[in-house]
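Engineer: Residues per chain, in single letters:
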Amino acid sequence: MDPIISFKNVSKTYSGNPLPSLSDVSFDVSEGEFFCLVGPSGCGKSTVLKIIAGLEEASGGEAAKPKEVAMVFQSGALLPWLSVYENIALGLKAKSVESKKIQEECAKYIEMTGLQEFTNKYPRDLSGGQRQRVGLARALAVEPKVLLLDEPFSALDTATTEELHKDLMKIWQATKKTIVMVSHSIEEAVSLADRIMLMKAGRVEQIFQITLPYPRRELAAEFMRDVQSIRKKFFE
Amino acid sequence: MKIQTKHIHHYHRHMSVSYPASIHQRIYSFVVIPLAVLFVVFFVLSRLGAKNLPLQPMVTWGYLISALSITFARLLLAYALALILAIPLALFINHSPKAERILFPLFDVIQSVPVLAFFPVVIVFFVHYNFYNGAAIFILLLTMAWSIVFSVVGGLQVIPSDIKAAAKVFGLTGIKYVDKVLLPAVVPYLITGSLLAWAGGWNIIIVAEVLHTYIPGGNAGQDLFGIGSVLVATSANNQQHAFFMAMIVLIVFIALMNFFIWQKLLKYAERFKFE
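Chains as they are written, first to last, in our numbering: chain A, 3 to 238; chain B, 18 to 292.
In case anyone wonders, no lab produced these hints; they're calculated from the structure. What you are looking at is a predicted structure, and each value in this text was computed from that prediction instead of being measured. Among the clues, some could well be false.
Claimed, not checked - One side only, chain A facing chain B, incomplete, derived with CB under 8 Å:
#1 Ala-55
#2 Ala-60
#3 Gly-62
#4 Gly-63
#5 Phe-75
#6 Ser-77
#7 Ala-96
#8 Trp-174
As the list claims (entries may be wrong) - Every beta carbon over 10 Å from chain A, so not counted as near; a handful from chain B, in silico:
#9 Gly-79
#10 Leu-93
#11 Leu-106
#12 Val-186
#13 Lys-193
To be verified - Derived contacts from chain B toward chain A, CB cut-off under 8 Å, selection only:
#14 Ile-180
#15 Leu-189
#16 Gly-191
#17 Arg-288
#18 Lys-290
Glycine residues also receive a C-beta, built at the ideal position from the N, C-alpha and C atoms.
Put together the whole structure using the sequences plus the hints.
Structural biologist: Laid out in structure tokens, this is it:
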């Protein structure tokens, strides 16, 4: 089966920058896979995500990706003057879907993300974790082929993050979506992803396959071994 | 589990504070209708009130209130026109980096020149068409438009980049982007810009109504009727009691405007602010 995302020798240079942000980046993502990007700051992982999202164009090489993507942002990026419901419906309204259909779709994803009590509230009334749920519902509502997550849990406390990890896993298993996530934490990547791509200085360092069964137990020896092998390469 | 539809927000039925759904509604309700009303009010008032300012011996409260009304109508008209000019201009400057590079420094220079320095030139033009009110409104328009352009451009520049990225990813581009992201995002800045525009406007109009001081060989018969020219005339004629009454009318009105309009608008603007 063809991969849903395929990067071949992709490079990216921003004008005004002598050094390229990406050099010779090649990888594939299969449909339904959970693919995670990790690496030190400035390694290019966010750039890769932006290219997949269509926010940036590759300067060189081929980046094949579907048009129907949606993204969850680290800061949430919700519109403060819209209610939770209106934020979730945003992508559907932009596509001029009729309002009855919008209500049905939003109801489905509001339930999936546990936001039933919050539909008429505004982002300023919500906690960080709840806002990320809204961002997730908004992304799911447009039923994208690929769901992109840009360090969505970086700004949250550990307890909320773990809760959201569990919910993300449930949603992934229910929707079987392809997920590409940028993470600042190797542990997070190992606990969620099928494959992890470690990047350094704009290049692909190594792609790791995690074969542990779900749910992944973070204290298990195998988990720690996988984390360690990535950490070794990370800090080399 | 049954979905509780009553929790779902029925956007089209939500009647309380929600801004219009489309840019056309917005333009219609906030610009076209008020503008039409203003034109009507303005010409009615200018027919009723004395266009020139005879030295009225009896300055009554009624006289002062009609003077204030016509001054206010001038300001309102200039403000509406300033909005129509300034908002698209601000959007254009924000959109085009070339426009920004050329126009911004130009505006900076023009802004530092006192607008009233241009007044004599403006008056000559409007006197030719016997449209004295036009001179005052034009000068007001210039002052107010500057405030609004600068405030709105400032507001557009501080929209978080994640918001812009999200808008693009979720398909809000072109006019939808302007209508659903840019315009709401600048509401707080538009309001503070408007507040500044009106403050500047009151300053200018008080002086600008006394047109004859800017016309070589002019007389008081060329002044525009309004609270500004009443203040100047009563003070020049040493009508202290009348002057004092006129000041009270002006101050009370501005205080009422502040309480009923600006405070409410500033509170409304809170919901549009990014953290």
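Engineer: All hints are to be evaluated individually against the structure, with a verdict given for each.
Structural biologist: Evaluation of the provided hints:
Contact between Ala-55/A and chain B, as hinted, is supported at the beta carbon level, the nearest pair being about 6 Å apart and thus within 8 Å. The beta carbon of Ala-60/A is not positioned within 8 Å of any beta carbon in chain B (closest approach about 17 Å), and the interface hint is therefore violated. Hint status for Gly-62/A relative to chain B: violated, with the closest Cβ pair at about 23 Å, above 8 Å. Evaluation of the Gly-63/A hint against chain B yields a violated restraint, the C-beta minimum of about 22 Å exceeding 8 Å.
With its C-beta approaching chain B no nearer than about 5 Å, Phe-75/A sits inside the 8 Å limit, and its interface hint holds. Interface restraint check for Ser-77/A: the shortest CB-CB distance to chain B comes to about 5 Å, inside 8 Å, so the restraint holds. Interface restraint check: Ala-96/A against chain B, minimum CB-CB distance 4 Å, threshold 8 Å, status holds. Below 8 Å, beta-carbon pairs count as interface contacts, and Trp-174/A has none with chain B, the closest being about 20 Å; its hint is therefore violated.
Non-interface status of Gly-79/B relative to chain A is upheld: no Cβ of that chain comes within 10 Å, the nearest being about 43 Å off. At the 10 Å boundary, the C-beta of Leu-93/B stays outside the reach of chain A, the nearest C-beta of that chain being 26 Å off. At roughly 24 Å from the closest C-beta of chain A, the C-beta of Leu-106/B stays outside 10 Å, upholding its exclusion from the interface. At the 10 Å boundary, the C-beta of Val-186/B falls inside the reach of chain A, the nearest C-beta of that chain being 5 Å off.
Some Cβ of chain A comes within 10 Å of the Cβ of Lys-193/B; the nearest lies about 6 Å off, and the non-interface call is violated. Annotation: interface hint on Ile-180/B holds; nearest CB of chain A at approximately 5 Å, less than 8 Å. Hint status for Leu-189/B relative to chain A: holds, with the closest Cβ pair at about 5 Å, below 8 Å. For Gly-191/B, the interface hint is violated, the least distance from its beta-carbon to any beta-carbon of chain A being 11 Å, above 8 Å.
A hinted interface residue such as Arg-288/B counts as satisfied when its beta carbon comes closer than 8 Å to some beta carbon of chain A; here the least separation is about 5 Å, so the hint holds. Hint status for Lys-290/B: holds, given a least beta-carbon distance of 7 Å to chain A, under 8 Å.
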